[in-house]
Every structure is written in C-alpha cells, then in structure tokens.
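Chemist: For reference, the chains in residue letters:
There are 2 protein chains.
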Amino acid sequence: MIFSKEEYLSRLSKVKKEMDQKNMDVLILTDPSNMNYLTGYDGWSFYVPQGVIISLDREQPIWFGRKQDSNGAKVTTYLDHENIIFYPEELIQAPPTHPYDFVSSYLHENNWASKNIGVEMDAYYYTAENHYRLTSTCPNANFHDATCLVNWVRLIKSDTEVAYMKEGAKLVQAGMRTAFDSIKPGVKQSFVAGQILNSLIAGNEEIKIGGEYSGLTPILASGISASASHLTPKDNIFNENEGTIIELAGVKHRYHCPLSRTVYCGKPDSKISDTMKITNEGVENAISIIKPGKTAHDVAVAFWSVLEKYGIEKDSRLGYATGLGYPPDWGEHTMSIRKNDMTVLEPNVTFHMIAGMWMDTWGLEISETINVTENGCELLCDLSRDLHLV
Amino acid sequence: MIFSKEEYLSRLSKVKKEMDQKNMDVLILTDPSNMNYLTGYDGWSFYVPQGVIISLDREQPIWFGRKQDSNGAKVTTYLDHENIIFYPEELIQAPPTHPYDFVSSYLHENNWASKNIGVEMDAYYYTAENHYRLTSTCPNANFHDATCLVNWVRLIKSDTEVAYMKEGAKLVQAGMRTAFDSIKPGVKQSFVAGQILNSLIAGNEEIKIGGEYSGLTPILASGISASASHLTPKDNIFNENEGTIIELAGVKHRYHCPLSRTVYCGKPDSKISDTMKITNEGVENAISIIKPGKTAHDVAVAFWSVLEKYGIEKDSRLGYATGLGYPPDWGEHTMSIRKNDMTVLEPNVTFHMIAGMWMDTWGLEISETINVTENGCELLCDLSRDLHLV
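Those protein sequences? They're chains A and B, same order as listed.
Sequence positions in the first sequence follow the working numbering and run 41 to 430.
Sequence positions in the second sequence follow the working numbering and run 41 to 430.
Check the hints yourself; a few may be wrong.
No distinction is drawn between identical chains; accordingly, a pair holds when it is met within one copy or between any pair of copies.
As the list claims (entries may be wrong) - Only pairs whose alpha carbons sit at most 20 angstroms apart, straight line, appear in this in silico SDA-like list of lysine to any residue:
1) K311 <-> L429
2) K334 <-> S345
3) K248 <-> D275
4) K114 <-> V88
5) K114 <-> T272
6) K354 <-> V88
7) K379 <-> P128
8) K228 <-> I247
9) K354 <-> E130
10) K107 <-> G263
11) K307 <-> S222
12) K354 <-> E245
13) K114 <-> N276
14) K354 <-> P128
15) K224 <-> I249
16) K379 <-> E130
17) K62 <-> H337
18) K107 <-> D400
19) K228 <-> T116
20) K228 <-> N276
21) K228 <-> I42
22) K248 <-> L423
Note that these hints are calculated values from the structure, not bench results.
A quick note: this is a predicted structure, and the numbers were derived from the prediction, not measured.
With the hints as constraints, model all of the structure from the sequences given.
Modeler: Dropping the structure here:
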C-alpha cells in the first residue's frame, strides 16, 4: 500500500463531508487522479469508461470498469472485492450500447437513481455521452455538478504526499541534468528525449530510485517552436543560436514534481538574456512573499510587479496546484497563481510556479515546484534557474 | 509538412462529404487524433479545451484553443493564420466562465448557432460541461452525434500513413528487444522501463530513426499484476518464476505500431507454456485468413475456433483498428476484431491483433500490428511470438 488505510479513510471522510454539505447522496468520479486518491487504483485504463462511486450509505467506494481491468483494481486498491464491479466486454466501443448503460442499471439496482447524484461535469473522461446516458435513464435523479469537489480536498497534502513529491524532485533533477548534458548542436531531439526519459524513469546511480510516466510527456521545443508552450521532441537536430524550452516531471507513486528550464546553444542575444534575468527576478520576488495566509493573488502581484517595472507582458497564469496526476495533466485544476485567485496558502499546499514567456518567434521557461511551510515555503528542487548555455 | 497539402485536402473532402450525407453543416472535433488528421496540429495541449471546427461553408478547418498554444498551431498546421483562433487565458480553469462560452460566441458570430452541428459526444476531451455550454447557449441549433465520424474516414490508410507505421515497427522492435535483453531477476522494472523508453524514443544505431511518445505508456506487469491488462512498471524487481507482459508502441509522426510479448524468468509450468502455444496457434489461424473481403468477424471466428478446440475462454476482443493516436489511446475506436463486427477488410486497413490472456493470477499477451494487402496481409513486425525465456 502506497498510503495507510487510515489515510485513504481520512480522504474519504472529507469527501463525504463535502457531499453532505452540498446535498449529494451519491458521487460518480471519472478523473483518474480522484479515483486513485480515494481508492489507490492505478492503471492506464482510463481510455475506456471507468469510475469510482461514493455513496453516503456505503462505507467503501465502489470501483467500476472493464472486466479485464478489474483484476488491476484488486491488485492496486484497498477495496473489498465485492466493491469492484465490471461491465461486460461487449459494451466496449460497440454503439448503440455503452458502458454507462451498465452504470445506470447499477444506480437503479442500488436505489440511487432517484437521489442527488454528483458528477464531474468537466472532468477528463466524463464525456457528453456518459452524461447523456445517465440523465436519460435516470429521469428522477437530481444531477449536481461535482467538478473539482475532490480536487479541492486534495489541495493540502499530507506529509507522505509531500515526501513522494520530493522523490519526484530527485528524479526530475536527474532528468534535467541529462538534458543539460546531452543537448548539443547536431544532436537529435529524439536522442536527448530518450536519454531524459531514461533518467526520469530508471533514475541513476546517485539517486537509486526509479520513477513513473508523468501527466504530460516531456515538452522540449527549440527555436520558433519554443514560442508555443506544448510542442514535443521530434527527430530533428538542435541548431546553433537556438533556445530550447524543457518541461519535465519526476513522478513517484503518481505524485509529480514538475520543473522547467531553458537551454541555449551559442551566445544568446540581449533580448533573450535580459528577458531571462527579468523573469528570474520576478520568480524570486514571488517566492519571497510565499507563506501561509498569503493568497495566490498576492504571489501573482509580486511576480507581475517586476514584469511591469520592465515593461514586459505575460498573459498566461504563473502556476497551478500540482501533486497527484494522470495524463493528460499534472495540474490539479484548483488554485491558479494569477491575479484575483483568492485561494489562501496553507502549509503543505504544493504548486508548480511556471514562468513561461512565449513570444512571437521564441520562448523561455523557468519553473519551481513549491511547498508552503509553516513560515514560508520550500523549493523541492535545487537547480540554477539561469539560462543553461551550451 | 508530414503529409502533402493534397492529402490533408483529400481527408477534409471525405469528411465534408460525410457531413453533407448526415445533414451536418458544422462539425466540432475534440479528439486530438481527428484534429491532427485534418489539420496536422500536434501538441500536448489537449489537457485544456481546444478543437477543430469544420463548416461546409468554409474552405479550411478552424483551429481553436488557448492563446499560448495558438503559436503551436501556426508551427504545425497548414492552416492560414486567420483560421487559428484563441480564447482568452482568463477562461482557463476559472469557473463559472468556460472556454466553450467562447466557442459558443464564435458559432453565433458566424451564423452557425442555428445550424445542424455535429459534436463528438463520446470523444476524449469532449466533456459533459463542454456540451452543456453549447446546448444551453445555442438553443436553436440541432446537435447531432458525430462520434467516430472522422475515425471511420481514417480506417483505410494512405501508403504514406502505412509507411510511418512501418517506421514505428522498427522502433517498437528495438524497444521489445531492449526489454528481452534487460529483464532479469533482481533487476528493477523501472530500470527496464527507462531502457525501453530510450529505445522507443531515441532509436538505436541500427535503425537510425527516433520516435515519439505513444498513446499509452509502456504496459509492463509481472506475476499477479499480469492478470490485469493495464498496469505499469514500478520500482520493484523482477522475480524468478514470474511471467511479465509487455505492451509497447513505436510511433512516427503520431502513427503507431503496437506490439505485445511475454517474458518469463525461469521455467514456466505447463499451464503457461501450453496456453502460449494455443494462443499462438489461434493467432496464426486468424492471420491466415486475413484478406480483402473478409470481415473482422471472420478473423475472430478463426481465432476462437482454436481456443474452443482446447477449451480456453477469452472474453475480451482480439484487436482494433490502429494508426494515428494521442493519449490516452492508440486504438481508433472503429473496427474491433470480435464476433459480429461485420466491418469488411480492405487494403491498407491496419489493426492491432492482441491476444491478451488475462487469467485469475497470471497473464500472457502476444500481438501483431497488421496491414491488409491486395491478396492477404503483412505483419509490420518480425519478431518471434514465443514466450521469451530468461
């Protein structure tokens, strides 16, 4: 078990309390992170319909999914086997039938079909069709939007969760150092990306731990492609006088520590090196004010005050809560570091502060994963944010 | 450009013809594979709302997404820049506002809000909330389910698409050979997974090409975990007298060649080696009958006739169409290789035939990616399907 049964039960209790306050009897979760958070389930099976059902009248959550994945639920969750149920294989990708017809029947069988049912309207893998099947076959239910209900419960981490993120920090620093060591003009991006992944997953002699796949694949883009935020490594080579943005995460037990840095082959012009200096000054100023009681808004103001001093604009937010994650994301969809997000920082709130400066034909990125402490904050990584010159 | 502009236009023309026949004026696509298929767009940005809009009254598709990703659309698509539009950053994860409010406004501005609008009801990343925003703000539109409309157009590949899958075949064989060479009792799964990923992405001296991230992360599970179909490598070690299932894909320009094999450390008992022989006989029998004119059903019957002869049961389907893919899947959600799927095989239909035998406490997998030819079929890989003994 990755966490004690007590920790899982404490999480469940918080979620049930939220359900009760929001007048939900039953909650259906499809976000794989939320499924994992409450049951421990861990498999790459979110490409088919699956979920976790929480009911106030049941002690344990119920995992539902495809038959061939139910063995995975037995291996990875703490649930009694009677709470692991599966739909028949013939419902897989076979319209007009659909796995949510099974879910609907299950709701009816348990007398939940006329209750107050929470669904994650905007969660990954909760498709419009899933919702249509439920609403059309449970006309007496009251459906409530439970998007991010569990995500907000996840905002403050336990010490064990933070400890796993610190393992991720070791892995992501190994990956970033591999990037620094292997990027050279004439070398292929794919070669570097393979080496980076090897470090992120296999670890190395020094750290002696291995990692896992992350919520996003490594982002690595050079030259004009660095003007976009999410392009991925290809089979072409690094060139002289080009910057490369790199965004990675080290992952332990699904807990992420993301990290971004920028590498430049050659001598950067002053536009690039000045922007990096200013961005770094903004990040330092933002970090300096982080402590319990401050808001995400306060952190954003501290960053943008530096940018404004130098007349630099940045539209995109400066960060977001991170931790537990599955593709396609390692962000938790709760707090964003931007003006007017009034989320109050507390100890063990963890977030990825990412200063992505995506310009018209070039780009820079630096970031830190940060844990709020009793009196301030700690950076999970310890790696210079300067432009890494090759 | 990965494909000629003519190829993109030919795909678009087929989709517009389907729309016309199904009485759709406008089609909104969110499946990243379908977005790529019609525009070339390639970025890991599907974790935020984005899509491609096809309208019968417009020559080109329209890409929409987040501002910071619109530069990626400029870099990777053939679209005129006026057809790349973005919503403001403040709509990102900031309820009660939502990016689909922007999409709805755009539909109204273009006089499409009272038209027949196709949406991919059951596609990845088309959430219930996306659909709710559109239907509630466009009450005069007729929404049609366009799930898999484009996927079915993708069923028959061009020669260029097949050529990219054959590049993927080189990569996945390199990855599988790395698995064979590195799995040993006492070695960590994470070490092997890192080496495999390095081979899949960086390639090697022999094949001299690099690859890309795949729709599923490498599946690698040993012992009882091999009884489940989608568990992933962890930081624990390989043990004597345990089988390990491995499922990988090599990817070139987003085109996948998946491949599964099973490794056993030690001497397998007869239950395992007999099941492997029978499964292999079934796969061979299924392959032997593949040619244009046969159906997916026929292929399934050929496989299960062997299993039935030996009294072995398998619930799950024997395969599915594959090719272009993004996380969380490399399957195309169209043809399945199972009884009663009457899809007729034609040249350049490509599919992953996967015989996954997931038992109570153990499991086996073998697979081939297959292209239907004029007179039969070709396997994209050339690697023994026998249990690989360590």
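Chemist: Go through the numbered hints given earlier and state which of them the structure violates, listing their numbers in rising order.
Modeler: Numbers 12 and 17 - these are the hints that the structure violates, sorted from lowest upward.
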